[in-house]
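Construct all of the structure, not just a fragment, from the sequences and the given hints.
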Amino acid sequence: MNQDQIREEVKDIISTIAPDEDLSVMTNSGIIREEVDLDSMDFLDIIMELRKRHKIEVPETDYKFFATLDGCAEYLEPKMTQIKA
Amino acid sequence: MALKERIVITGVGLTAPNGNNLKEFRHALLNNISGVVKHETRHMGEVLAGVCDFDEMKYQKRKERRRGTRAGSISIYCGNEALADAGISLENCDADHPLRKEIGIYIGITEHGNVETENEVWNVGQFDNDVKFWSHHHNPRTVANNPAGELSLNTGIIGPHMTVGAACAAGNYALITAAQNLMLGDVKIALAGGVSESIHTFGIFASFNSQGALAKLSEEQPDPTKASRPFDKDRSGIVCSEGGCIYVLETLSHAQERGAKIYGELVGYGVNTDSTDFVLPNSDRQAQCMRMALDKADLTPADIDIVNAHATGTPLGDEQEAKAIHTVFGDFPNVRINATKGFIGHCMGAAGALELAGNLPAFEDNLIHPSMNFNEFDDKCKFAGLVSGEAEKRESINTIANMSSGMLGINTVLIVKKYEN
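Line order of the protein sequences matches chains A and B.
1 is the number of the first residue of the first sequence in our numbering; add one for each residue after it.
1 is the number of the first residue of the second sequence in our numbering; add one for each residue after it.
Source of the hints: derived by calculation from the structure; they are not laboratory data.
Here a beta-carbon is modelled for each residue, glycine too, at the ideal position from N, C-alpha and C.
Below, in silico cross-link-like pairs of lysine-lysine (DSS-like), each with a Cα-Cα straight-line distance of 25 Å or less:
{"#": "1", "chain 1": "B", "residue 1": "Lys382", "chain 2": "B", "residue 2": "Lys233"}
{"#": "2", "chain 1": "B", "residue 1": "Lys380", "chain 2": "B", "residue 2": "Lys226"}
{"#": "3", "chain 1": "A", "residue 1": "Lys64", "chain 2": "B", "residue 2": "Lys132"}
{"#": "4", "chain 1": "A", "residue 1": "Lys79", "chain 2": "B", "residue 2": "Lys132"}
{"#": "5", "chain 1": "A", "residue 1": "Lys11", "chain 2": "B", "residue 2": "Lys63"}
{"#": "6", "chain 1": "A", "residue 1": "Lys55", "chain 2": "A", "residue 2": "Lys11"}
A few chain A residues that face chain B, going by a derived Cβ cut-off under 7 Å, partial list only:
{"#": "7", "residue": "Ala18"}
{"#": "8", "residue": "Pro19"}
{"#": "9", "residue": "Asp20"}
See the structure below:
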């Protein structure tokens with residue numbers, strides 16, 4: 001997956017976690033938790049879903065990279081290069 | 001020994017396997033409409049169950065439902081329906097509005113957490129039992145107060161909330177607990193009743209099956225709607241069901257102050273314990289519990305118009321309860337008995353509250369709903385006054401005694417009277 005595909009994948013995960021939210025308001029550089037109504041339990045759902053879907057482990061010290069879609073894409077790209085979209 | 005305060009019912013919200021509000025439920029009970037169907041469950045395959053089809057999204061968002069439990073969802077539906085029925089709206093109340101503090105939530109549960117734990121065990125099983133895949137939602141989903149807490153989160157009620165664990169007597173016991181809290185003055189309004197999500201755990205079915213207490217179909221009797229047969233000589237066991245029923249209870253003075261519609265008055269209750277067996281009821285203790293409730297209500301057995309029996313449809317359980325009914329009410333030919341589980345199966349923690357709701361409209365229509373699937377008593381299970389086949393019309397119906405018992409020997413009886421000022 002490239003960075004664009006990773007952003008879409010993260011948005012797809014968020015759509016299952018917060019099905020009532022309008023994700024069209026999300027921007028690549030905006031703070032995710034300001035753009036959609038997500039709390040800390042929802043954030044843990046994103047980490048869990050990455051683990052389930054792609055066997056990706058995100059240590060707690062790296063949660064800070066998940067503040068924006070761009071941050072997610074940059075952080076996850078090396079871990080998801082071999083994964084087909 | 002009357003209650004210290006007059007406690008009245010001013011709202012009803014329910015979901016049963018054969019109706020999603022009081023009107024639908026009553027219609028089904030008066031017209032022999034069953035809610036028992038074939039139901040697929042993990043590891044067990046096809047079982048018989050009472051399944052509800054209420055609209056989960058009527059009061060919940062999808063995210064809230066995803067995070068919570070089926071029991072929480074049932075509570076939210078029933079609690080909101082009850083508030084609306086009672087004419088109580090929290091819509092324009094800010095987070096600290098006094099009304100939000102004055103309401104308490106009391107929800108009876110037979111069990112809670114089995115569904116969610118089984119789901120997580122199954123889930124980690126898909127990942128070689130790696131516990132990293134165990135959900136962080138498991139603890140808030142399985143804490144014992146979950147079904148009451150979810151209703152609090154949904155409505156913004158900030159008074160006390162609790163679940164009452166009393167096996168299958170829990171629905172009745174939660175109403176008793178709520179009445180006690182109202183009499184203490186701790187709350188002004190109570191949302192009280194019971195819920196059950198038990199059909200979503202295979203363990204409940206498997207355990208009843210191992211106990212030889214699960215109703216089954218046969219070549220001679222292949223119809224799911226005829227499987228739950230309280231007091232009938234061909235009864236073969238329990239049909240497990242989900243459901244919920246929550247009432248708005250308040251003191252009479254509070255209800256009058258706000259001009260509330262009054263369904264009935266809780267005039268007495270009894271609670272006791274068999275202390276004899278893990279699963280088998282004790283007819284002597286059940287009879288004592290009935291008399292305890294009558295004493296508290298300052299009534300005699302002759303004053304009761306309808307006794308709603310717990311009657312799960314197990315051979316031994318019904319036998320014990322029949323003895324208790326005969327002991328207390330056998331000399332009073334005016335008393336009528338009915339059972340609800342023939343229609344809906346056993347709604348576990350919701351059973352007592354739901355079954356009371358099934359009879360509550362009798363104060364208005366003077367009809368006693370029949371006991372579905374009863375044809376004939378056997379020698380060991382017999383008493384006078386059982387209503388079966390068709391509903392029975394009476395000149396007036398003024399008093400209902402509602403019995404519920406549960407495992408580990410818990411017995412409860414509620415006595416509700418037609419409201420008279």
